[in-house]
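Chemist: Throw the hints in and build the complete structure from the sequences for me.
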Amino acid sequence: MPFDALLENYLAVFLATIVGAGLIATALIAARLLAPFSNQGNKRTSYECGMMPIGQTRTQFSFRYYIFAILFLIFDVEAVFLFPWAANLVNAGHAAFWEMVLFIGILAAGLAYAWKKGVLQWNK
Amino acid sequence: MIGIMRSMALVMKVALTRKPVTIQYPEVHREIPNRDRAFPILIWDEEHDEPFCTGCHACERACPVECMTVVMKDNPKHAAGESKRRKIIDEFWIDYARCMRCNICVEVCNFEAIGMNNTWAGHELSRYDRKDLVMDVEMLLSQSKDGKVDPGLRA
Amino acid sequence: MVAEHERSLEVVDIPINMGPQHPSTHGVFRMVLMVDGEKCVDVIPHIGYMHRGGEKLMEAMDFRQGIGYCDRTEYLAQFSAELAYVMAVERLMDVQVPERAEYIRVILTELNRLSSHFMFMGAFGIDSGVFGTSFTYAFPQREYLQELFEEVSGDRLMYAYFRVGGLAWEVTDNFVQRCHEVLKHTQQGIRDIDELLTKNEIFIGRCQGIGAFTAEQAIANGLSGPMLRASGVPWDLRKDEPYSVYDRFNFEIPVGNYGDVYDRYLVRLEEMRQSVSIVEQALEQLPAEGPIVAEKLPRRLRTPPGEVYAKVESPRGEWGVYLVSKGGDKPYRLKMRSPSFCNLSALREMCLNQFLADAVMILGSMDIVLCCVDR
Amino acid sequence: MTEVFFYIFAATVIAGGLGVVLLRNIVYSALTLIASLMGVAGIYILLSVEFLALVQVLIYGGAVMVLILFALMLTRTRELKDNLDGDQKPLAAVAALALLGSFIAAITQTTWPRDVNQITTVPFNDIGNALFERWAVPFEIASGVLLVALVGAIIIAMQEEGER
Amino acid sequence: MLLAAPAIDIDQPFVNAALGLIAFTLVMTVGVMYATWYERKIVARMQYRLGPTRTGPFGLLQPIADTFKLLTKEDLRPATADFVAFELAVFLIFIPALMVFVAVPFTADWFISAIPLSLLYILAVSGLSFIGFLLAGWGSDSKYALLGGMRAAAQLISYEVPLIMAMVGVVMVTGTVDAYQMILYQDTVPLIVWQPLGFMIFLIASIAEVERPPFDIPTGESEVAGGVFIEYSGIRWSMFQLSSYVNMYAFALLGAFVFMGGWEWPFGTDVGWGLQLLLTVVKMSLFIVFYLWVRASFPRLRPDQLMSYAWKVLIPFSLAQIFFNGFIIVYDLPDVAYLISSGLLTVGLGYSAIFIVRRGEPRKPLQMVPARATARKPEPEPAVVAAAEGAAT
Amino acid sequence: MMVPLLQESVTTGVELQQYVILSSILFSIGVYGVLARRNAVLILMSVELMLNAVSINMVAFAVYTAPTLFVGIIFAIFIITIAAAEVGLALGIVLRVFRNRGTANVDEIDSLKW
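Chains as they are written, first to last, in numbering that gives the first Met the number 0: chain R, 0 to 123; chain B, 0 to 154; chain P, 0 to 374; chain E, 0 to 163; chain U, 0 to 392; chain W, 0 to 113.
Since the hints were derived computationally from the structure, they do not count as laboratory data.
Heads up, some of the hints might be wrong.
As the list claims (entries may be wrong) - Derived pair list, reagent style DSS-like, types lysine-lysine, alpha-carbon separation capped at 25 Å: (1) R:42 to U:72; (2) B:18 to U:40; (3) B:76 to B:144; (4) P:325 to P:310; (5) U:40 to B:12; (6) U:311 to R:115.
Said to hold, decoys possible - Chain U regions said to be covered by chain B (calculated; three or more residues, Cβ under 8 Å): (7) 39-48; (8) 285-299.
Predicted, not measured: the structure shown is a model, and the values here were computed from it.
Idealized CB from N, CA, C, for every residue including glycine.
Modeler: The following block contains the structure:
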């Protein structure tokens with residue numbers, strides 16, 4: 000029964016998360032039991048090369064990363080369409096191929112636009 | 000690309016053809032040269048069975064870091080006629096923690112009574128407390144007395 | 000509410016504290032990088048963590064005792080530091096150093112330059128992110144140099160071997176042969192480093208165009224040594240104001256065209272090759288016999304009153320000793336012109352608008368010795 | 000067993016959703032959103048649409064979450080956490096409950112076909128075929144939408160660059 | 000299933016999968032412990048060193064000693080850290096790494112679970128780990144950690160795309176998204192022959208995905224001094240290391256069965272499981288040795304170079320690969336066409352390594368200045384100024 | 000070993016209504032979030048919840064009632080696509096507003112022009 004087999008297969012995935020979490024939890028509990036733990040003030044400051052932390056810590060980072068995230072999002076969505084297409088291309092025929100070429104072409108144009116706009120290049 | 004490949008080739012070449020240079024230190028001691036300057040020690044005069052040092056304070060004065068303390072006394076053996084040295088060392092402290100091993104004490108010594116240890120014993124001096132690094136005259140002389148100092152020691 | 004929004008509206012540059020306890024600040028150097036994203040918009044260097052008042056200490060010491068302190072100030076190019084100090088005293092006292100001693104000084108100083116540059120190559124590789132390989136390729140070869148120094152002077156690091164008027168004692172009997180052996184290892188090391196880094200595209204990508212200084216900027220910032228030469232100024236004290244016996248050797252000065260980090264690396268690499276050639280020439284010309292200490296030196300060195308500035312080309316640049324004497328056996332005032340300190344002053348200008356990762360490379364390319372900066 | 004897992008996933012989805020709308024720390028909200036979306040992926044598995052479940056993980060778990068987390072960290076919202084909810088909160092609750100009530104009412108009032116526990120599994124290949132034969136035009140339009148999103152985002156970002 | 004041994008003949012899928020997973024997790028943990036030993040030994044030999052020698056023969060007990068040391072090491076958490084994010088990050092980095100293994104076939108009969116869309120599954124799951132990095136960076140409340148976390152997330156997502164695209168190319172050639180079928184496809188010729196470009200992209204992107212040098216920017220020691228892991232000590236830190244190594248194994252295995260033919264090539268399906276497992280392990284080890292080799296030889300990239308390399312070089316090339324593959328499939332060209340197109344593209348990829356280098360005129364070599372005309376002769380007299388004023392007063 | 004999934008009818012323990020109820024609960028939560036929250040990013044997250052609720056609905060109906068067409072699944076794929084595009088753009092705008100106005104609070108972004 001393929002459907003049951005499918006569920007069975009994904010059961011292992013579900014279990015993997017539990018086993019993984021269990022392993023980490025065991026290790027953390029073991030460490031809590033074995034390792035010394037100190038609440039002393041200076042030990043609980045965050046690392047700043049031996050100095051007291053200066054300024055805000057949770058502040059902005061480069062806006063560039065956000066653009067890469069958007070690019071990634073777009074190409075990830077593209078991948079979603081690519082997989083069923085790729086696995087089925089032998090049967091799908093010419094039309095599907097050229098459709099996908101158009102699809103990739105449009106997104107590649109987006110990438111080219113980003114490239115031309117200098118988004119991919121971090122200038123000084 | 001070619002540069003990257005050359006780097007990788009070099010690394011693999013080293014891994015496959017060249018020997019590691021590691022010396023397994025506590026088990027294997029590298030041979031140290033004759034002139035090695037560890038820490039100053041006092042030299043024992045075998046002939047007269049007493050230290051060469053007369054306690055003349057020359058090294059104490061010349062020491063840039065003032066790590067030495069010398070106390071002189073009249074030589075009892077001189078009184079007994081066994082030795083030509085009229086004065087002899089009574090107490091001698093060297094703080095190895097301060098010593099900067101500059102060899103100046105050896106250079107200024109007129110009696111060749113102090114020398115820089117050139118054995119591994121002069122290097123392996125780790126202590127748990129730094130006051131244990133203040134050496135008195137017994138410790139300073141012990142190595143030379145036992146004849147453990149390299150004969151080439153330049154005093 | 001309004002105030003809160005205004006607070007969040009301003010674009011805050013994060014101050015990132017790099018050092019004193021940081022793997023790549025080469026000691027206890029602290030720089031506060033004001034970072035906008037990944038870019039440095041300001042750099043505030045803080046020095047002085049290693050300050051021991053070495054110059055002041057040396058004023059309380061006679062001229063022999065001071066030599067040991069020179070070693071400790073510049074612990075990677077000890078012979079250069081010693082040389083400058085003894086040269087200063089020699090000039091004040093008007094002592095003529097025997098030729099053999101001069102040759103040995105040059106040989107040792109150049110070998111010391113090699114060992115210092117090996118240190119740079121190793122550490123710079125690590126700054127650029129090589130997982131220790133550059134370090135372990137440079138250091139076994141550097142070890143041979145140090146063994147040679149130990150055989151000659153008795154210590155691996157704090158040689159205290161040069162004396163006013165010559166050398167502390169005669170070199171070992173097989174000195175020339177040992178030098179030749181060591182040079183073979185050195186050349187091997189240079190080849191390895193060259194092969195590992197110079198043409199590596201990633202290394203090139205990390206180095207080229209970073210921290211570029213023009214010749215004018217370099218001169219205005221008082222740079223010296225490989226930093227200056229990489230910017231295109233052919234200035235080398237060994238050529239331009241020859242001291243000791245440097246005028247007798249035939250060597251070339253590598254000069255960069257772009258003044259960036261990569262040029263500094265190349266200049267140093269080429270300098271190592273030149274140093275090998277200088278040592279080889281010096282070994283050939285080395286008089287077999289001869290005194291090693293100037294004659295008629297008093298036991299206690301006393302200088303006439305006066306002031307003198309002696310400078311040598313250390314691996315990091317112009318190492319100068321300015322010495323004022325009022326007579327007597329101690330300097331009245333002593334000032335060391337340390338190249339690390341002067342080169343470090345260009346850090347801010349070089350790092351502006353560079354990436355955070357590049358600031359590390361720029362600092363690494365300066366090849367500073369923190370002891371020498373703080374003294 | 001399917002039922003058990005359905006309730007586990009449904010609980011994850013709803014708890015995650017509640018976390019999103021109720022938690023006071025916005026980063027925790029984002030975390031519960033991830034949990035909720037992963038629960039939805041589990042629901043898709045139960046519905047035998049394996050491909051869609053993986054797409055859910057790939058797009059929502061991977062790409063959308065990265066955008067949301069980046070946006071949270073770029074807006075430094077942790078410092079402004081105390082005004083996450085508006086004054087219209089009670090009204091919103093009433094509206095949502097009313098909506099839910101009407102939904103439930105509609106669902107319970109509807110007469111469902113007899114074989115409501117019969118599902119038809121969806122093979123992966125058929126999705127591909129359908130996508131490229133029947134749905135070719137929407138597919139190409141999707142690429143256009145993505146392109147527009149990309150270009151728009153870049154324009155917004157480049158404006159940002161020009162300011163600095 | 001993994002525990003197909005007759006002794007444990009439990010037909011419950013639940014118990015079976017759980018037992019398999021637990022057994023696998025334990026084996027993997029020990030494997031990872033020894034991977035550190037293996038790594039230290041190999042890298043040491045590349046660097047004139049010996050590596051661990053003191054603990055047991057050849058330092059073989061070193062991983063155990065390390066484990067105990069890490070277990071008993073003081074565990075610190077900054078007072079300002081966000082408790083939930085800080086603790087959860089450890090889980091969220093490790094669990095995706097472990098989940099990948101669920102779909103990996105070790106031999107023809109040994110696998111934990113047979114997921115039909117295993118390749119897509121692996122890519123989707125391994126893409127989740129960035130959440131852990133972001134949380135670790137944000138939760139630690141340290142600037143270095145935040146910087147490292149951002150870099151990690153940006154790097155992971157950027158290299159996820161070429162990885163997926165390379166895999167799409169492979170999926171096109173084999174016509175299946177199932178890793179098992181993909182291995183069966185490679186009974187005579189491994190896919191590395193047909194898809195050298197895909198292999199190269201996979202290799203580069205997988206190094207970036209497991210954040211090993213030269214792509215270890217998020218944890219780059221000389222810049223961000225440990226990056227995201229900076230506030231993690233003791234066992235938490237070792238859990239990060241564990242996940243990093245597990246990830247490395249995962250990608251090595253993925254490479255082994257997608258491009259090297261897994262347990263199939265070159266002996267076929269009929270050999271016993273022992274030989275198959277050996278083949279898998281050997282191929283995986285090849286990848287791991289390669290990772291170590293790369294680690295020992297390369298400097299680290301800069302964040303902007305890293306990003307532009309992914310987006311300007313790898314992704315266009317992988318798109319081109321997809322186009323050529325599709326063309327070959329649709330127009331029924333012979334298989335050699337794969338090799339030709341992909342091989343040519345690989346050469347192009349190699350050439351494009353110069354993209355890392357700043358574009359511009361080729362650099363002039365150093366000028367060698369032999370002697371200066373203006374060189375002054377050494378001053379014969381010492382520069383003594385008699386009784387300097389400063390000194391006299 | 001593994002059997003490729005074929006199109007077949009199977010009986011499960013879960014009924015269609017349950018999925019629909021789950022979907023409507025999730026949708027209502029999303030509605031509440033959109034109405035109650037003031038932070039723009041949180042509103043977007045609530046919108047994601049609503050989109051997912053719709054997707055569940057689509058897929059459930061497709062799987063339970065339309066044996067061969069599975070229009071709902073294709074629709075879900077497109078919903079995900081559109082959601083991705085929407086999130087990318089909307090968050091970009093939120094960030095833009097945040098940089099200009101210093102707030103991600105929708106109640107305060109009330110002027111048409113600034």
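Chemist: State for each hint whether it applies.
Modeler: To see whether the hints hold, each was checked on the structure:
no.	hint	verdict
1	R:42 to U:72	14 Å, holds
2	B:18 to U:40	13 Å, holds
3	B:76 to B:144	18 Å, holds
4	P:325 to P:310	21 Å, holds
5	U:40 to B:12	16 Å, holds
6	U:311 to R:115	11 Å, holds
7	39-48	holds (count 7)
8	285-299	holds (count 5)
Of the hints listed earlier, there is not a single one the structure fails to meet.
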